[in-house]
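Just so you know, the sequences run in chain order L and S. The working numbering puts the first sequence at residues 1 to 650. The working numbering puts the second sequence at residues 1 to 412.
Please note: incorrect hints may appear among the correct ones.
As the list claims (entries may be wrong) - What the simulated footprint calls covered on chain S by chain L, stretch by stretch (three residues with Cβ under 8 Å from a Cβ of chain L suffice, anywhere in the stretch; the number is not a length): (1) 280-289; (2) 302-316.
As the list claims (entries may be wrong) - Far from chain L, some chain S residues (derived; all Cβ distances over 10 Å): (3) G28; (4) P37; (5) G56; (6) G127; (7) L130; (8) V149; (9) P155; (10) G176; (11) S189; (12) N222.
FYI, nobody ran anything at the bench for these hints, they're computed from the structure. The beta-carbon is built from N, C-alpha and C at its ideal position, and this holds for glycine as well.
What follows is each chain in one-letter form.
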Amino acid sequence: MSIFARLLPLCLAFALAAPLAAQTPLQDVLQANRADIANPSRGTVGQVIAALMAADAPGTDEFLRQWQDRTVIEEPQTGLFYYATEVEGRQLALIDVDSGFEAARVGSRDVTAIRPNAGVRREIGAALVRFELSAPDPARRLAALEAIGRSPDAEQIALLAASIPDEPDTDIRIRKERLLDLLNARFATETATRIAAIAGLSGDVSTEARRALNQILATEPGIAPSLPQDRNIARVLIPGQDLSREDAYDRLVAASLAPARADRNSIRDGLLAHVADGMVGGLPTHRMSDPSARLAAYDALVAQGLVPPLVSEADIDQSLAGYAFFDAYLEPDATLTDAARAAIEQTDTRLRLFQWLAISLDALSLASIFFLAAIGLAITFGVMRVINMAHGEFIMMGAYTGYVVQTMIPDYTVSLIIALPLAFAVAFAAGVAMERLVIRHLYTRPLETLLATFGISIALQQMAKNIFGTQARPLTAPDWLAGAISLNDVVSISTIRVAIFVLALIFLVALLVMLKRTRLGLEVRAVTQNPGMAASMGINPDRINMLTFGLGSGIAGVAGVAIGLYAQVTSEMGANYIVQSFMTVVVGGVGNVWGTLAGAGLIGFLQKGIEWFNPSNTLAAQTYMVLFIILFIQFRPRGIIALKGRAAGE
Amino acid sequence: MTLINRPPVAATAPILAQGTQTPPPRRGFLRENPSIPWFLGLLTIFTLIVSVLSEGLGIGALSTSMVKILGMTLCLCLIAIAMDVVWGYCGILSLGHFAFFGLGGYAIGMWLMYARTEIVIRESLTGAVLPPTEAELSEAVAAQIFGVVGSSELPLIWSFAHSLPAQLALVVLVPGLLALVFGWLAFRSRVTGVYLSILTQAMTLALALYLFQNDTGLRGNNGLSGLQNIPGLFDIPQAVLAVWFLWASALALGLGYLLFAWIVSGKFGSVIRAIRDNEARVRFLGYNVEGYKLFVFTLTAIISAIAGALYYPQAGIINPAELAPIASIYLAVWVAIGGRGRLYGAVIGAATVSLLSSWLTGGGAPNIEIGAFRLMWADWWLVFLGLGFVAVTLFFPKGIGGLFDKIVRKAP
Numbered sequence: 001m002s003i004f005a006r007l008l009p010l011c012l013a014f015a016l017a018a019p020l021a022a023q024t025p026l027q028d029v030l031q032a033n034r035a036d037i038a039n040p041s042r043g044t045v046g047q048v049i050a051a052l053m054a055a056d057a058p059g060t061d062e063f064l065r066q067w068q069d070r071t072v073i074e075e076p077q078t079g080l081f082y083y084a085t086e087v088e089g090r091q092l093a094l095i096d097v098d099s100g101f102e103a104a105r106v107g108s109r110d111v112t113a114i115r116p117n118a119g120v121r122r123e124i125g126a127a128l129v130r131f132e133l134s135a136p137d138p139a140r141r142l143a144a145l146e147a148i149g150r151s152p153d154a155e156q157i158a159l160l161a162a163s164i165p166d167e168p169d170t171d172i173r174i175r176k177e178r179l180l181d182l183l184n185a186r187f188a189t190e191t192a193t194r195i196a197a198i199a200g201l202s203g204d205v206s207t208e209a210r211r212a213l214n215q216i217l218a219t220e221p222g223i224a225p226s227l228p229q230d231r232n233i234a235r236v237l238i239p240g241q242d243l244s245r246e247d248a249y250d251r252l253v254a255a256s257l258a259p260a261r262a263d264r265n266s267i268r269d270g271l272l273a274h275v276a277d278g279m280v281g282g283l284p285t286h287r288m289s290d291p292s293a294r295l296a297a298y299d300a301l302v303a304q305g306l307v308p309p310l311v312s313e314a315d316i317d318q319s320l321a322g323y324a325f326f327d328a329y330l331e332p333d334a335t336l337t338d339a340a341r342a343a344i345e346q347t348d349t350r351l352r353l354f355q356w357l358a359i360s361l362d363a364l365s366l367a368s369i370f371f372l373a374a375i376g377l378a379i380t381f382g383v384m385r386v387i388n389m390a391h392g393e394f395i396m397m398g399a400y401t402g403y404v405v406q407t408m409i410p411d412y413t414v415s416l417i418i419a420l421p422l423a424f425a426v427a428f429a430a431g432v433a434m435e436r437l438v439i440r441h442l443y444t445r446p447l448e449t450l451l452a453t454f455g456i457s458i459a460l461q462q463m464a465k466n467i468f469g470t471q472a473r474p475l476t477a478p479d480w481l482a483g484a485i486s487l488n489d490v491v492s493i494s495t496i497r498v499a500i501f502v503l504a505l506i507f508l509v510a511l512l513v514m515l516k517r518t519r520l521g522l523e524v525r526a527v528t529q530n531p532g533m534a535a536s537m538g539i540n541p542d543r544i545n546m547l548t549f550g551l552g553s554g555i556a557g558v559a560g561v562a563i564g565l566y567a568q569v570t571s572e573m574g575a576n577y578i579v580q581s582f583m584t585v586v587v588g589g590v591g592n593v594w595g596t597l598a599g600a601g602l603i604g605f606l607q608k609g610i611e612w613f614n615p616s617n618t619l620a621a622q623t624y625m626v627l628f629i630i631l632f633i634q635f636r637p638r639g640i641i642a643l644k645g646r647a648a649g650e
Numbered sequence: 001m002t003l004i005n006r007p008p009v010a011a012t013a014p015i016l017a018q019g020t021q022t023p024p025p026r027r028g029f030l031r032e033n034p035s036i037p038w039f040l041g042l043l044t045i046f047t048l049i050v051s052v053l054s055e056g057l058g059i060g061a062l063s064t065s066m067v068k069i070l071g072m073t074l075c076l077c078l079i080a081i082a083m084d085v086v087w088g089y090c091g092i093l094s095l096g097h098f099a100f101f102g103l104g105g106y107a108i109g110m111w112l113m114y115a116r117t118e119i120v121i122r123e124s125l126t127g128a129v130l131p132p133t134e135a136e137l138s139e140a141v142a143a144q145i146f147g148v149v150g151s152s153e154l155p156l157i158w159s160f161a162h163s164l165p166a167q168l169a170l171v172v173l174v175p176g177l178l179a180l181v182f183g184w185l186a187f188r189s190r191v192t193g194v195y196l197s198i199l200t201q202a203m204t205l206a207l208a209l210y211l212f213q214n215d216t217g218l219r220g221n222n223g224l225s226g227l228q229n230i231p232g233l234f235d236i237p238q239a240v241l242a243v244w245f246l247w248a249s250a251l252a253l254g255l256g257y258l259l260f261a262w263i264v265s266g267k268f269g270s271v272i273r274a275i276r277d278n279e280a281r282v283r284f285l286g287y288n289v290e291g292y293k294l295f296v297f298t299l300t301a302i303i304s305a306i307a308g309a310l311y312y313p314q315a316g317i318i319n320p321a322e323l324a325p326i327a328s329i330y331l332a333v334w335v336a337i338g339g340r341g342r343l344y345g346a347v348i349g350a351a352t353v354s355l356l357s358s359w360l361t362g363g364g365a366p367n368i369e370i371g372a373f374r375l376m377w378a379d380w381w382l383v384f385l386g387l388g389f390v391a392v393t394l395f396f397p398k399g400i401g402g403l404f405d406k407i408v409r410k411a412p
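If we strip away everything but chain S, and leave its shape as in the complex, we get (with noise of 0.2 Å):
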């Protein structure tokens, strides 16, 4: 495969240095990934004046629902990035992300939902002449939870829901240990390139089938709902609650961005973007390529997952709809609208792309007219982002982050 785009970065830095007497000077972190102060000082910036224009904390000018979905945009720029390491630098298209990212919030929405319900059923229970056994209690937790799908008992994948530790813990557990078992038989039977893609695209696939039966004990099509009543903060107004997952999703991206960009910068980074591009001359090396491919993509599934952990809270509710094998098809697409190979180019493209998607979707945009003709966006947005999508990849490889080349090229 040919190379397509090296970030400018990539262009500099010691490539299979190990031949040469002396490995050129390695410079400092900062100074070689110039991006980090510019992305971590906007993302202060914004964050800061979201927070003054909430609702919440500062003068109202956002509307809560606003400050939602800045949030969540945060959260997808951080699985854009966590996209971008393994697409757009290591060369593994997953169509995959997004179902971890799901799971992801399947295990932090587990909590949510047993803890609010047991406060709940706890308090309805207070004025009850015998206070109410553990037995019972989880029982009608159980039957409130899973009486839409004509359940009354708690499924043993719920065994830990009481448990916030445990099911943080699980956050990072479930979608790590599937990325690790999936990837180990994929890079292990040497499946690459558009098989990989097809490849998880049906692990997706499967996913989101098995959670949208009801006998598996995530409520089947329902999903789980009422996700942003967090347990505890109840006396909390959600005006607050959103400017507070905001500095926590801000927070996760910082540190994702940080993290990410140390591991490109140095020798791995070399070694994972050396197998993007010839991936047998690099085993022929002497790199055990296989346990590369399997640190990103595990890496990469946790970061998601932790993204998702963060974006349901606010979304309020998941269902087995989100993890369609569509979604992650439309998170390659927001990467590679911001541009591969570099992070900042993913953050560009899944924040103009989503918060685009959901203005003109959302009825914000106004319709224009053309003689007789009415453009609705709410119907042509698709038709739009499909064939601009197109053209990007025919005619702008570097999609919209190569911009910044030109301007970083032509200072001096």
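Next up, chain L with everything else stripped away, as it sits in the complex (with noise of 0.2 Å):
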């Protein structure tokens, strides 16, 4: 039933958008078979829907779908057909089942609603799915097949398996085979064919064909004085080996085959139930705060048997020795439920395979937002050394700039391609003028320019929470960058983390070719390495120096909008990456862009790796993250790729 319920806002969706002309309009249809639609029974609507399906007319799948649905009624006067809403008022609104349009009003009472029974109804409903299921339409076809995935069942299975033979499209025929033995493999009558249906699954990480197999292996728990021969045992649980002792006892317990243990709230209750006169089994009741007050007041009540007795473990040994403890297979065939173990074995195999690949990649894009982030630090604090705490208020500032541009240009695509440069400006401009008014004079006093900074930085957040307010603007992606690029179920990846990974790259090639093969990158190596000499042999430092800080706030802007479209954009997203970007530039090693690469990397497939072992605690994974980089400085200061010799500097 559900399924059909489901299929309502697509089957409404194409009813509107069926072309209406060139063909028998389906009222006419209807009128052809007036009275087994008015009236059908089971022995009729057989031939009724036949009639239906070969005249094809738009708009018949609604049609079923109402009939079905008992909304269907008949004109009393003209005999003509029409679907019924309510409307205020005890009216009802009749729509004509060929345009969709309102025809009139009538009161409820003067017009009788068609009311097939339960039997024609299913007849409607099978109908409806073979409709589906052999459509022209492939996409209502594939929507038809995810529909009984959704919600599968045994009758779908002649349904399915006859609409296999007429289906054109390969893509859709492999589809539907999987989804025929899926079916098979739950429903089919004949242990042959659930076995091989089963096989057909085995090695499908999809989510319903593990389910579907899961389903076929469920247990329950069972308990019996010897193994039952007539139970598809999964596995004989031993006491003490395969089940703590408590809980098997608490098996037995909940079995009603052994008496309850006492703990300390049934003593404490016990107790309760029979204090007089401040007293307790023979003691008085203020002496209750001793644990071994408690149980001697128990054991006296027990004597007069006011009480159940204590469970002593050796109670508990003979009466777990009495029992064997096993779980059992749900399905009683064991030639299904082997074949079923072995093919989610084949299956689990590829499934953790997947998920590394997943993980991976997920690790892959996590390193490449930490690259974006840090690449503009492994500049300024890599290559000049000068440590700039605004760092993460320059990418807030670009992440600003899109959104300020996304609201004055609603094309998204084209606000893009303009932010990006707008927002390397707007951070190149503030970048030089931080330069020039406050690090120039500082380059000697490299903890003061870490202070000063950090002051530009909680400066520049304030002023964002002002002039943009405290909550979180969106930084809305085009359609194009929106969706996610999937292989199967456990392997999916969104566009836009793609993206990022690909502008990362962008950024490690440019800048590499900026700095080996371009004059300003030669100079600003010069300057790095010994600006005294640099300056006599004609370069300016001062400009290069300048140039340099613009070039490092520049690509934050840059990442700015990047992470401003995967994350959102508030005052505080710069300051959330500014530690991770400096442990980024300080573990791959500083002066190197490879270093930062490298250092992103570590980071990145580290946090990921953490939190595979513990996926529900994020915070978790990042704390050890953290505690690991502490540590790995210890054993490598300078970083994975240390400079060696002269330019290693101070």
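Could you use the hints to bring the two separately framed chains together as a complex?
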């Protein structure tokens, strides 16, 4: 039933969109079978449906659905059929079956709804599925398959099997066959068919295939004096080995095969029930804060037969010895469960492989985000040795630039194309201004640079709050970046993350080319290594420092747009990345773009790896990662890729 | 690194005097530190005035919350002088001292919360027919405390929470050990300068993230609350307790000032200042630089923790956000604004900035109309603080304390 309910919006959409011309209108087809539609019975409904199918008038599926839902009425005077929907004042709106527009309003008592009985409705439902499964539009066939996959039942097997031979599309045919396997594995009546279907599912990592296999392998706990021969036993449980003595005893208690153990609370309740005149079990109640006194009082009550006796360890052992514990499959046929187990083992192997792939992709995407956030720092901190606590705020600035552009240009693609260079320009200008006004005066005092840039950071953050408010601002990705690329049910990655990865790659290459192949890069490296010598070779260190700092800041701005697309734009978004960015640079090795790449890779993969062990707790993963980094720096204080020789400097 | 701001006393103190034949005669401790009598005198007068004006013991001109703010400010001054010693004197820009402050607060907060809950539960169970056993009591306390994070078991780290002496010991031991281990690891591998700052910041971040988790047994982001109710002192009104805590904070600040002044004034002080100015040279002279740094780092961490243990019962609540790396950076900001390398500078900086901050953001200050634009202090204070801080770093590297140099030098 529910599958038809889910098909409703779909059917409606197609019913409305279907071409109206060039075919026999539905009303005419209906009128041709008027009597059988108005008073359907098990005997005639098959012919009627066949006639409707044969005519294939637009909106037939919608009519079948409404017919099944008992919302079709027959106008008594004209004999025309309408869909009825209730409107206010006990009125019914009559909807024309062909046009979908309201034709008239009548009182609900003036017309009688057609009420097909349960048997007829089932026939209609099957016809509807068949109708969709062999619909000419591939999208409708796929939708029908999905609907069946969501709520499978035994009746669909025949319908699905019947639709396979005529399926023209190879992909859909494969999906139909797989779905048929799924249905057969669970609902087929013959064991051989089921086993064949189960074998067909092995290695299939989709959720529904795994769910089908697991449903076959569902177990229930069982207890018996000796192992029963007529049950399909999954495993025998030995108390003390496979399950703890306490759990085993609790199972006995749950099956009413042994008396319940008295814990602290039941002792207390037993005592409470027999308190009289401030005494219980021959002892005064004020002594009952002592656990041993409680036991003594309870024993006294047991001796009087007022409370059930305590269960001793020996009693438990004795009870356990008398029973066999096992888990039994709900499915009685052992050949089936064996086949399912073999299939699921094969699936698990593949599943693990795909999970590895999924984790690696996740880690790669996290690494590229870290890389994007840190690459600007790698230039300012790594190359110039200027520690810029306001780096995160340049990221934020870039993201807000993207947001402002988006509010002015409604087309997301165009606004993104404009936002990227604009974010670079804004952050570049801010960086140059900061370098000229503040950092230039502090080159010899690195610790003070840290503090001064921190001052700028809190000022910028608060200014962003004052201008844009504290709530998060959306930076919407264009449609072509909004989806996800999915390989199967396990491995899927959102397009935006792929885009970020690509952007990180572009930055890496561009930066390397800039540093190694251009005049500016040469001068930057010269000034970094020895400003005095560079100056005497005719390079203006002031200008180079300014440009380098602007470049690092500008890249942060572009990174801000990318991060804003994937997360949200808030005034604190930069601050969230700053510590991690510094760690990326330090772990990777200062003064080296490759080092930053290595650092981002290490941190990204490490964080995802730790999360894999404890997926529920990303905070714990971050904690352990920071601890790891602290320890890592102990052993490689200069990072993964350390500069050697003179260039290493201080 | 160049010598930026040597404190006035340091300039005349004998630095590395071994090589000379006759060391210059040592002057008295107080003569060498003229700021001590001034500071202790002003602190005493301040405490007396606040006591007299307080609601609890005096004429009631100062509200209880104001007394608490002043008491808390004294604690912040204490951690500021600790920060000054480790940064201004020893050159280690630690961005982790507020983590130690928070740890001290957590250690005392555990006792405050446990003992108070236990008393409340004991009272609620006095009418029961059967008096509760210890196990039942502890279970009920745990359920009360950890209900917010969906647990009812007392975590292992709360094993000593029932005992005040044990938790007081933990106030000192936990941050002390953490600082010792962390410092040993960091100094041993010669992590210095900005790298050390980033490393300490990472430590603070790790600690804050750890505390944010619900299953680490410190109530996750709920933190510990109701700390202003002191177990066993329920009958004493908060107004009186506030004054008591003010006295305790003032006493701690005074003793801390004396201790640090003594440490930085003798030969030890000369060595750590030399480490700040040129670490390699001190090492070549045969000093165990790592040992000195480790001692200063650990001692200041412990004093910070004590300051935290006094601060949070006045604040009433502690949560992991207090330990976030930003708090430690603010600490550095206070010390820099007050003036590094002089203890009273740190006190001035911490008191000025934190009081000004709570006054301006608390809506106490009038908004200013500039034409059509309305300057809201709560919105713009951080902008001015940030920019002002940049200005101080650029133009007044000696901070507010630097002004005293001019006054003192002008006097004959």
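Each hint tested on the structure:
1. 280-289: Per the Cβ count (0), the hint is violated.
2. 302-316: Answer violated; 0 residues pass the 8 Å Cβ test.
3. G28: holds, 34 Å
4. P37: Given that every Cβ of chain L is farther than 10 Å from that of S:P37, nearest at about 32 Å, it holds.
5. G56: Since the minimum Cβ distance to chain L is about 36 Å, S:G56 lies beyond 10 Å and the statement holds.
6. G127: holds, 12 Å
7. L130: violated, 4 Å
8. V149: Its Cβ never comes within 10 Å of chain L, the nearest being 13 Å, so this holds.
9. P155: holds, 15 Å
10. G176: holds, 18 Å
11. S189: For S:S189, whose nearest Cβ neighbour in chain L is about 5 Å away, the distance does not exceed 10 Å, so it is violated.
12. N222: holds, 14 Å
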